[in-house]
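Put together the whole structure using the sequences plus the hints.
Going line by line, the protein sequences match chains B and G.
With my numbering as the guide, the letters of the first sequence map in order to residues 1 to 478.
With my numbering as the guide, the letters of the second sequence map in order to residues 479 to 844.
Hint data in this document are derived by calculation from the structure and do not stem from the laboratory.
Hints are not guaranteed to be accurate.
Covered by chain G, per the in silico footprint, the following chain B stretches (three or more residues, Cβ under 8 Å) [what the hints assert, rightly or not]: (1) 12–26; (2) 42–56.
Computed beta-carbon distance windows for the label pairs [claimed, not checked]: (3) B:Arg249 - G:Gly573: 28 to 38 Å; (4) G:Arg830 - B:Met142: 58 to 68 Å; (5) B:Lys358 - G:Asn542: 51 to 61 Å.
As a list, the in silico EDC-like pairs of lysine to aspartate or glutamate whose alpha-carbon atoms are at most 16 Å apart [to be verified]: (6) G:Lys694 - B:Glu242; (7) B:Lys47 - G:Glu728; (8) G:Lys658 - B:Glu220; (9) B:Lys47 - G:Asp697; (10) B:Lys42 - G:Glu727; (11) B:Lys42 - G:Glu728; (12) B:Lys423 - B:Glu444; (13) B:Lys42 - G:Asp824; (14) B:Lys50 - B:Glu210; (15) G:Lys650 - B:Glu242; (16) B:Lys358 - B:Glu306; (17) G:Lys658 - B:Glu227; (18) G:Lys651 - B:Glu242; (19) B:Lys42 - G:Asp697; (20) G:Lys760 - B:Glu17; (21) G:Lys492 - G:Asp697.
Predicted, not measured: the structure shown is a model, and the values here were computed from it.
We put the CB at the ideal spot given by N, CA and C, even for glycine.
Chain residues, written in single-letter form:
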Amino acid sequence: MLEIPVIRWGQPYESMEKDKIVHFETGEAVATVNNANAGLIKMDMRKQGKARDILRQFTVEQLCEMSAKAADLYQFETLPLGNGTQTPAEFCRTQSATTGLPEHMCAGNMKKNAYVLRNMRHTLEALTRGLPLEILTKGYGMESRGVMVSYQAQTNVLGMVLPSNSPGVHTLWMPVIPLQIGLVLKPGPQEPWTPYRMYEAFAQAGVPREVFCVYPGGPECGAAVLETCNRAMIFGGIPTVERYHGNPRVQAHGPGFSKILFGDDMVDDWEKYLDLMAESVFANSGRSCISCSGIWASRHTEEIAEALAKRLGPIAPLPMNDPKSPLAAFTVPGAAKAVNAQIEELVKAPGVTEVSAKYRNGDRHVAHERYDFLRPTVIHCTSTEPTIANTEYMFPFVSVVKCEQKDMISKIGGTLVASCLTKDEAWSRQLLDATNIDRLNIGEVKTIQLHWMQPHEGNIIDFLFRARAFQNSPPPSH
Amino acid sequence: MSDTALAAKQAKAKELLDEHTRQTVRWHFSDETGCPFWLEKKREFKFDPLKEVNCFEDLKKFPNFEDEWLRGGPIRRWVPKGLADKPVYVFETGGTTGIPKSRMVIEDHWIDYENFSDTLPDEHFPRGSNWLMLGPSGPRRLRLAVEHLAQYRGGICFCVDLDPRWVVKLLKKGDISGVKAYADHVIDQAVTILSAGHDIKCAFATPKLLEALALKLMDKGSSIEESGIKGIFAGGTEFTPQWYRFCREELLGPNVYITPTYGNTLMGLACGKPFDPADNFKITYYAPQPRAVIETVEFKDYNQVVPYGSTGRVKLYTMTKELFVPGFMERDEGERELPHDKYPWDGISGTRPFHEFAATTTVGVY
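Laid out in structure tokens, this is it:
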């Protein structure tokens, strides 16, 4: 049996308490994972300053080169894992077995992670807006335009309290090591695979192991990471996001409520964008915060919903190892049943129709002994009023909502990605000014098509560093 | 110890338990000495406790004790007539919202902790030394019990103000920073006490608070050992084998002794089996028989103990002159353990929140 240790500043640690991670279909144990405890984390974090000192012995450029090397190791090589080893294919198979994500989607996420690692230099250049990167190391420096700038790290380490259900989120923490900040990872209970593999890849690429901690364990471990790291990210639902709202130390990532908005100038051509809409809803089994959960337009909404339902409604689960397997499984007992019951209740509201039911040949909820599936669901709303008009679930689900263009921005609420199909300059200006939209696409861009040179949900540079005044000579006289 | 010698000790302990059971039942169900609550309850039973309870096993004839009976007054209904002229304490448990459960106590907390005192090694808990009580204050048994323990051993107990109900309210609101601020407030009090020249050598602390205190002292360039503390007892389901090991290896160091305990307001205090490296930090508790008994029972049949080594729910019995609890289902589970030379009756290890309640229970708030 594969046994995975706690990692304490690069040192493996075997704990007294261990958890078994099981195959979601069979219940068979896949690995034993050692568990940290909160006190141990707090004890370790007393030494976090050392991580940054070690990383600053390298230049950012050198660390970017190591990242590129780590990308190849992560994507293509057999790497040690606990008391065993793991090939890339085993990685995808195991990740699928414990998270319920089809194997080809695991491979897709792997490719995406490797891409970000490989292109780290360009990513940092973009995220820092071309800042000479040694300024981050030194703390200050002169820009080519002759301006003194200073960036001060706000933390020695970044803590990550990671989820189990979305292996795609790991791209968020990849720039951290090249930015000379240590990494403290608390993996999701079902998804330790990416953190451990990435740790090993970085280490084999030359990054000292002493700058990493990996702490599998219960909720107390997540709380300890959040408490002791001056900057941390956590993933969860709306309550998690609300709990940490306004806390400058914690970036909480929750549902995205990402949407496609049709301008009146382009909505009559909606059929041209059917692929864009379907893929935005359906990619990665609708599990991402960037998956589209709402399509808003002032007209043709019935036809749009009908066409999407015809496309997505018949899609049914396939085995996880099928290269066309379209749907991820719900592995938490009762979760799919609860979501299904909630949808059934919400569609009873006036003006709400489920359009996909007639194309499905069966129930939305496909129950198995140890897991479940929810099949794609397309809802039509004649107004923005029903609750289901602005809801997000962890499967391909979309509400097509009728709404006047002039009301859209105020009614969509917080939206992580808005892909806006319009050439209307006045409306584009309003969209650009809308502070409730985080990532804005104006043009034919799927909500799931992220450009890695763009910041995601807050620029990580701004999160980890503070731009401040620095002078080492008197200013010119006034 | 040979199996035969242990078996003889077990048999003697069983004999003592049966005799204690008979005496306790006689006390609580006699019209002259029993409390109004049990005398009233007796009328509902289809058996006569005075005639039909002749050994510990006969306690299974009683229905399980419902702790809801302890909510609300009048508290006097729990005072045995035989003790009616004694001064009475009331200790509460729960109570963040609604009416807390109350236990009437006269001297049980003294007796329980005096018995517990006899299990503490003097070299780590020096007699005559002063104590720090780093746990809940207010209407809690623990605060007065630890203070009595200190006095019984010839010392003086220094306490902190800690309202666990406030902490539960903060946790339920999701006010993490509020919880942290309150914990800091409690630890500041402890640090102040330790720095004030009171020659404190012993402590009670909950695992969370001990951890916070140790880390705070380290931040100040000191340690639990440097503060003068030599012996600590701590308790609760958070005292896990991993935490035990972490304490011994990293938090406290080799010169500070720590021992686990398990208990509640109803039962008193179960002791941990003395530390043995061969146990690999496994923690086994033994109830203070015959005053209290712990059974590990089947999840589906609370009258059936599980085989040794198997998992079951914790069932508690209290049989003192002040309180009679003929089987109370605790909110914990664990594994049944074999008797030990020092405690020749069943023990329990691996105590943790009962899996059916675990998701909804707020544990270890202090």
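Status of each hint after checking the structure:
1. 12–26: holds (count 3)
2. 42–56: holds (count 3)
3. B:Arg249 - G:Gly573: 28 to 38 Å: holds, 33 Å
4. G:Arg830 - B:Met142: 58 to 68 Å: holds, 59 Å
5. B:Lys358 - G:Asn542: 51 to 61 Å: holds, 54 Å
6. G:Lys694 - B:Glu242: Violated: Lys694 (chain G) and Glu242 (chain B) sit about 30 Å apart, past 16 Å.
7. B:Lys47 - G:Glu728: holds, 14 Å
8. G:Lys658 - B:Glu220: holds, 13 Å
9. B:Lys47 - G:Asp697: holds, 11 Å
10. B:Lys42 - G:Glu727: holds, 15 Å
11. B:Lys42 - G:Glu728: holds, 11 Å
12. B:Lys423 - B:Glu444: Holds, at about 11 Å.
13. B:Lys42 - G:Asp824: violated, 36 Å
14. B:Lys50 - B:Glu210: holds, 8 Å
15. G:Lys650 - B:Glu242: Between Lys650 (chain G) and Glu242 (chain B) the Cα gap is close to 14 Å, so the pair holds against 16 Å.
16. B:Lys358 - B:Glu306: holds, 10 Å
17. G:Lys658 - B:Glu227: holds, 9 Å
18. G:Lys651 - B:Glu242: holds, 11 Å
19. B:Lys42 - G:Asp697: holds, 11 Å
20. G:Lys760 - B:Glu17: holds, 10 Å
21. G:Lys492 - G:Asp697: violated, 51 Å
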